[in-house]
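> Chain by chain, the residues run as shown.
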Amino acid sequence: MKHRFENHDLMTEACGQFVDITDDVLGVVERSGVREGQVVVYSPHTTCAVLINELEDGFIQDFLELMDEIAPREGRSYRHDLHDGEEFPNGHSHVRTALLSSTSQTIPVVDAKPMLGTYQRVFFCELDRARQRKVFIQVTGE
Amino acid sequence: MKHRFENHDLMTEACGQFVDITDDVLGVVERSGVREGQVVVYSPHTTCAVLINELEDGFIQDFLELMDEIAPREGRSYRHDLHDGEEFPNGHSHVRTALLSSTSQTIPVVDAKPMLGTYQRVFFCELDRARQRKVFIQVTGE
Amino acid sequence: MKHRFENHDLMTEACGQFVDITDDVLGVVERSGVREGQVVVYSPHTTCAVLINELEDGFIQDFLELMDEIAPREGRSYRHDLHDGEEFPNGHSHVRTALLSSTSQTIPVVDAKPMLGTYQRVFFCELDRARQRKVFIQVTGE
Chain A
1 MKHRFENHDL MTEACGQFVD ITDDVLGVVE RSGVREGQVV VYSPHTTCAV LINELEDGFI
61 QDFLELMDEI APREGRSYRH DLHDGEEFPN GHSHVRTALL SSTSQTIPVV DAKPMLGTYQ
121 RVFFCELDRA RQRKVFIQVT GE
Chain B
1 MKHRFENHDL MTEACGQFVD ITDDVLGVVE RSGVREGQVV VYSPHTTCAV LINELEDGFI
61 QDFLELMDEI APREGRSYRH DLHDGEEFPN GHSHVRTALL SSTSQTIPVV DAKPMLGTYQ
121 RVFFCELDRA RQRKVFIQVT GE
Chain C
1 MKHRFENHDL MTEACGQFVD ITDDVLGVVE RSGVREGQVV VYSPHTTCAV LINELEDGFI
61 QDFLELMDEI APREGRSYRH DLHDGEEFPN GHSHVRTALL SSTSQTIPVV DAKPMLGTYQ
121 RVFFCELDRA RQRKVFIQVT GE
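Order-wise, the sequence lines are chains A, B and C.
Going by the numbering used here, the letters in the first sequence line up with residues 1 to 142, in that order.
Going by the numbering used here, the letters in the second sequence line up with residues 1 to 142, in that order.
Going by the numbering used here, the letters in the third sequence line up with residues 1 to 142, in that order.
Hints are computed from structural coordinates only; laboratory data are not their basis.
Keep in mind that the hints are not guaranteed to be accurate.
In silico lysine-lysine, DSS-like type, Cα no more than 25 Å apart, as pairs [stated by the list, open to error]:
| # | chain 1 | residue 1 | chain 2 | residue 2 |
| --- | --- | --- | --- | --- |
| 1 | C | K134 | C | K2 |
| 2 | B | K134 | B | K113 |
| 3 | A | K2 | C | K134 |
| 4 | B | K2 | A | K2 |
| 5 | B | K134 | A | K2 |
| 6 | C | K134 | B | K2 |
| 7 | A | K113 | B | K134 |
| 8 | B | K113 | B | K2 |
| 9 | C | K113 | C | K2 |
| 10 | A | K134 | C | K113 |
| 11 | C | K113 | C | K134 |
| 12 | A | K2 | A | K134 |
| 13 | B | K113 | C | K2 |
| 14 | B | K2 | B | K134 |
| 15 | A | K113 | A | K134 |
| 16 | B | K134 | C | K113 |
| 17 | C | K134 | A | K113 |
| 18 | A | K113 | A | K2 |
A few chain A positions that, by computed beta-carbon distances, are all more than 10 Å from chain C [what the hints assert, rightly or not]:
| # | residue |
| --- | --- |
| 19 | I21 |
| 20 | R79 |
| 21 | D81 |
| 22 | A112 |
| 23 | G117 |
| 24 | A130 |
C-beta atoms are modelled at their ideal positions from N, C-alpha and C, and glycine is treated no differently.
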């Protein structure tokens, strides 16, 4: 069995940023030498998500607008912000992360390629504020 | 390590259709010869989801009603539909897909069987219109 | 390839309970002897979810409040409850489970440790009532 694990550091810029990490994923699969197996893309944070969708700005804005409606930053009170003592209240970020519950994505690897569809891109989604982040990319197989 | 990958073609019929693909999953696991490992069920599309739940029409209608409330097709405007130039506006489909964020499901395989619970069925969910679709089923293990 | 599969039985206490199963996950990884691979945490139920987030009561209450708004137990009618004939109506539980669509979580294992972030805990979430439950924890790798 072959195994390759890489941490890629990111500096996000704002709440709601979708960072396209598809090329990161392709790079790790290539360096792994795995022909048949899986790639797991994992966020070790509690206020981020890993999503697969189309890279299209209109969609991303539509989605962020819906998140703002469902779990707004302003105009809704979060118990987390009372108890947490954090300098930057992020109760909305935790609730959004739980609702999406996308800590990771798993993609099959076949003939040394991740089997992403034509329009699929892999995104690291910042649901908190601009922060230093990590994304773990792991390939296993043969 | 054993590895089996199959693409199953589907023709969906309407937005909100839940296609029960449990037998497809069981078939690939059987043909794989894998006794201990995992099966990954993956949608290569940006407006579909793979869900595990009960096959019960009432639940499915309840769920679609909620989706219609959260991200309605009519009565809410989507930037995606303005920029996309698609013949068939599907901004609601992209937003629903991102909210569910279920591009794939992973199920343990033990003693050559996927460890689905008594009431669990695997569904390919069409969140767009009737379209030609693919679902990738991959089994790895020993 | 090494493989270890364990079922852990749980008795949940109420709808909305977050059971912290992080120590269960750590234990199975340790007993597996796997140094490089993955751990899959899988719920075989149709009204539960497996989530990864912070163990902080304020956040958990915020999240449950949002679930109560999106798919309330009282004050919204569910077709599932009409057709199902169950003694305990749980249409809201099925809808919540589908919305979260977190039947499982996959976590990379590196140097014999699951790569959870500093604040990440693994939760088994009861979205139905107090019930006898199972959670499957499977480690594969080398």
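> With reference to the structure, classify each hint as holding or not holding.
Verification of the hints:
1. Using a Cα cut-off of 25 Å, the hinted pair K134 of chain C and K2 of chain C holds, with the two alpha carbons roughly 23 Å apart.
2. Distance hint between K134 of chain B and K113 of chain B is fulfilled; the C-alpha atoms sit about 23 Å from each other, no more than 25 Å.
3. This hinted pair does not check out: K2 of chain A and K134 of chain C have alpha carbons roughly 32 Å apart, beyond 25 Å.
4. With a C-alpha separation of about 13 Å, the suggested pair K2 of chain B and K2 of chain A falls inside the 25 Å cut-off, and the hint holds.
5. Taking the CA atoms of K134 of chain B and K2 of chain A, the gap is about 28 Å. The hint is violated against a cut of 25 Å.
6. A C-alpha spacing of about 28 Å is found between K134 of chain C and K2 of chain B, which places the hinted pair above 25 Å, so the restraint is violated.
7. Distance hint between K113 of chain A and K134 of chain B is fulfilled; the C-alpha atoms sit about 17 Å from each other, no more than 25 Å.
8. For the hint linking K113 of chain B to K2 of chain B, the alpha-carbon distance of about 15 Å falls within 25 Å, and the restraint holds.
9. With a C-alpha separation of about 15 Å, the suggested pairing of K113 of chain C with K2 of chain C holds against the 25 Å cut-off.
10. Between the alpha carbons of K134 of chain A and K113 of chain C the distance comes to roughly 17 Å, so the proposed pair stays at or under 25 Å and holds.
11. At most 25 Å may separate the alpha-carbon atoms for a hinted pair to count; K113 of chain C and K134 of chain C meet this at roughly 23 Å.
12. At most 25 Å may separate the alpha-carbon atoms for a hinted pair to count; K2 of chain A and K134 of chain A meet this at roughly 23 Å.
13. At most 25 Å may separate the alpha-carbon atoms for a hinted pair to count; K113 of chain B and K2 of chain C meet this at roughly 18 Å.
14. Restraint check for K2 of chain B and K134 of chain B: satisfied, since their Cα atoms lie roughly 23 Å apart, inside the 25 Å limit.
15. A distance of roughly 23 Å separates the Cα atoms of K113 of chain A and K134 of chain A; the hinted pair therefore holds under the 25 Å criterion.
16. Of the pairs offered as hints, the one joining K134 of chain B and K113 of chain C is violated, with about 35 Å between alpha carbons and a cut-off of 25 Å exceeded.
17. Of the pairs offered as hints, the one joining K134 of chain C and K113 of chain A is violated, with about 35 Å between alpha carbons and a cut-off of 25 Å exceeded.
18. Distance hint between K113 of chain A and K2 of chain A is fulfilled; the C-alpha atoms sit about 15 Å from each other, no more than 25 Å.
19. Every CB of chain C lies more than 10 Å from the CB of I21 of chain A, the least distance being 15 Å, so the non-interface label holds.
20. For R79 of chain A, the non-interface assignment is contradicted: its Cβ lies about 3 Å from the closest Cβ of chain C, within the 10 Å cut-off.
21. Separation of D81 of chain A from chain C is inadequate, the least Cβ-Cβ distance of about 7 Å not exceeding the 10 Å criterion.
22. With a cut of 10 Å on Cβ distances, A112 of chain A stays outside the contact zone with chain C, its closest approach being about 19 Å.
23. Non-interface call for G117 of chain A relative to chain C: holds, since the shortest CB-CB distance, roughly 19 Å, exceeds 10 Å.
24. Here A130 of chain A stays apart from chain C, with its beta-carbon at least about 18 Å from theirs, past the 10 Å limit.
This entry does not satisfy hints 3, 5, 6, 16, 17, 20 and 21, going by the numbered hints stated previously.
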